[in-house]
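A.B. asks: Please model the entire structure based on the sequences and the hints provided.
Residues in the sequence shown are numbered consecutively from 0, following numbering that gives the first Met the number 0.
These are calculated hints, taken from the structure and not from any lab test. Source: prediction; values computed, not measured. Take the hints with a grain of salt, since some may be wrong.
[Said to hold, decoys possible] Listed below are the simulated DMTMM-like cross-link pairs for lysine to aspartate or glutamate, each with C-alpha atoms no more than 25 Å apart in a straight line:
no., residue 1, residue 2
1, Lys527, Glu498
2, Lys527, Glu349
3, Lys527, Glu507
4, Lys527, Glu510
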Amino acid sequence: MLGLALLGVATLVAARVARPGALPGTTVAGTDVGGMDAAALADAVDAVAARRAVRTLTIERAGAGVVTAAEDVGVDVDVDATVQAVLRRGRQANPLAALRDHARATVGTITVTPVETLDEAMFTTWVRRVGTQLGVEGVRGDVVVIGTQVQILPPPPAETVDVPALRAAVTAALDDPLTTTVQLPTTTAAPTTDPEQLAVLASSAEQAISAPVVLTRGPVSVLFTTDQIASTLQVTVPALSGGDGGGDGLVLSVDPVRVGAMVTAEQRSALDRAPVDAGFRVQGATIEVVPATDGFTVDDVVLADQLLRVATSPGPRTAELEGLTEPADLTTADARSLGIVERVAVYTTEHPCCQGRVRNIQRMADLVRGTIVDPGERLSLNALVGRRTVDNGFVDGGAISGGEFVEQIGGGVSQFTTTMFNAIFFAGYQIDEFQPHSYYIPRYPLGREATLNFDPPIDLRFTNDSPHSIYVHTAYTDTSITVALFSTEFAEVTTTTGELYGLRPPPERRETTDELPVGEEEVAASGKDGFSVDF
Numbered sequence: 000m001l002g003l004a005l006l007g008v009a010t011l012v013a014a015r016v017a018r019p020g021a022l023p024g025t026t027v028a029g030t031d032v033g034g035m036d037a038a039a040l041a042d043a044v045d046a047v048a049a050r051r052a053v054r055t056l057t058i059e060r061a062g063a064g065v066v067t068a069a070e071d072v073g074v075d076v077d078v079d080a081t082v083q084a085v086l087r088r089g090r091q092a093n094p095l096a097a098l099r100d101h102a103r104a105t106v107g108t109i110t111v112t113p114v115e116t117l118d119e120a121m122f123t124t125w126v127r128r129v130g131t132q133l134g135v136e137g138v139r140g141d142v143v144v145i146g147t148q149v150q151i152l153p154p155p156p157a158e159t160v161d162v163p164a165l166r167a168a169v170t171a172a173l174d175d176p177l178t179t180t181v182q183l184p185t186t187t188a189a190p191t192t193d194p195e196q197l198a199v200l201a202s203s204a205e206q207a208i209s210a211p212v213v214l215t216r217g218p219v220s221v222l223f224t225t226d227q228i229a230s231t232l233q234v235t236v237p238a239l240s241g242g243d244g245g246g247d248g249l250v251l252s253v254d255p256v257r258v259g260a261m262v263t264a265e266q267r268s269a270l271d272r273a274p275v276d277a278g279f280r281v282q283g284a285t286i287e288v289v290p291a292t293d294g295f296t297v298d299d300v301v302l303a304d305q306l307l308r309v310a311t312s313p314g315p316r317t318a319e320l321e322g323l324t325e326p327a328d329l330t331t332a333d334a335r336s337l338g339i340v341e342r343v344a345v346y347t348t349e350h351p352c353c354q355g356r357v358r359n360i361q362r363m364a365d366l367v368r369g370t371i372v373d374p375g376e377r378l379s380l381n382a383l384v385g386r387r388t389v390d391n392g393f394v395d396g397g398a399i400s401g402g403e404f405v406e407q408i409g410g411g412v413s414q415f416t417t418t419m420f421n422a423i424f425f426a427g428y429q430i431d432e433f434q435p436h437s438y439y440i441p442r443y444p445l446g447r448e449a450t451l452n453f454d455p456p457i458d459l460r461f462t463n464d465s466p467h468s469i470y471v472h473t474a475y476t477d478t479s480i481t482v483a484l485f486s487t488e489f490a491e492v493t494t495t496t497g498e499l500y501g502l503r504p505p506p507e508r509r510e511t512t513d514e515l516p517v518g519e520e521e522v523a524a525s526g527k528d529g530f531s532v533d534f
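C.D. replies: Put into structure tokens, the structure is as follows:
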């Protein structure tokens, strides 16, 4: 007896060594995979899975049928697990089972069923669709609104799909290439809708259409008549077939699409508003925060939900219209946290009235007014205002170019620059770049003046080196321009201006002209002495 056992073990060991891959005669879903190594076996099982995916089955009930693709059912082949199942045959830990497989491999066939996976969500969806197409309705009651009349429809007994039986039948059919038809298994299900629940739902529907509803926002009111409310009511019934745990209750709702169609384009235009950032209002030397305004949009889903709540509640049938709100980028709280609470500097320069350059000065003021410079931020006047062009609102005005007084687009902007320079100076902020005029103009303080040019660039730049933001305010009259800076006081500034020094005559420049006889000269213009000054 011991000899036979040793002979069996020896035979098993020899068989395992001689047969490293799938045993001969092994099939998977009708495909011969005998003798294949792991790689070839994986390819063969892959092919089985691909063939199964495109197979079609006909699901039948009471003479009607629905053709469905296997890939829609959610049942798939686990290729790796199936390959391992094949390779385990003849290699079991139980030597007798392994010997039997080797014996079968020699004289017969070993059939390995593919290892399957199931996508539960896909399978549930498929069961619902097939059940509906074949007339298997969920067991449910209903409440309907016809005109302004509410009716209760009690649930009758009905069939429901026997999901476990259908799953087993479909899986078996996919494993059998000769099976192409599956009979839809069903069971009789008792009604699960609570009659009391239907009565409560009907009562809510009657309350909803008992009187009109008015939703108001500001000066705009949207009226919903009882007929309109009735036309939007709908009852949602959770699905009872498919084994998804549905049937927990009925839900009265309002159709957002129908409700949205009842709001006119004019009403939407009057109601919808973009958010408005918080701002600042200057009155003389004081400044206050102008609160931000949230944006508002009429949203059909929000509107439908509110209409249902107001219409079904026993309270007032008027309410403030709800919608989607969008906060401003700069909220009221944000503005109040900036530290913009007082005037820290102001400077005014004067000019003659009614020249083209005055329009340019005022255009600069309009473009700069309301600028906020945060702590650590550098402001470039050229970058802020942009190129001085007609399209940008500038006109011809007196300017200095190449040492000569000329008319050019944007002439006069240097007066605004000088005014802003002095406001920055007396506030005590860090001035990074400025350049005086090439001629000293007596209406400006000695040394404390700045010009501006876009190309070649001459700029006024400063850095807010304080811990608080700065609000730039500008104002003008026909004969003056004022720049005021509002923040929290950062520095106390005093200034002194020294005596002129380094006086130097202007360089002489000669030009030829055809207007004078040869050899004659004429002084067309005299320059002024240059100087240096410390301030």
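A.B. asks: A separate judgement is required for each hint: does it hold in the structure or not?
C.D. replies: Here is what the structure says about each hint:
With a CA separation close to 17 Å, the supplied pair Lys527 and Glu498 stays within the 25 Å bound. A hinted pair counts as satisfied when its Cα atoms are at most 25 Å apart, and Lys527 with Glu349 qualifies at roughly 23 Å. Simply put, Lys527 and Glu507 have alpha-carbon atoms about 11 Å apart, close enough for the 25 Å limit, and the pair holds. Of the pairs offered as hints, the one joining Lys527 and Glu510 holds, with about 18 Å between alpha carbons and a cut-off of 25 Å not exceeded.
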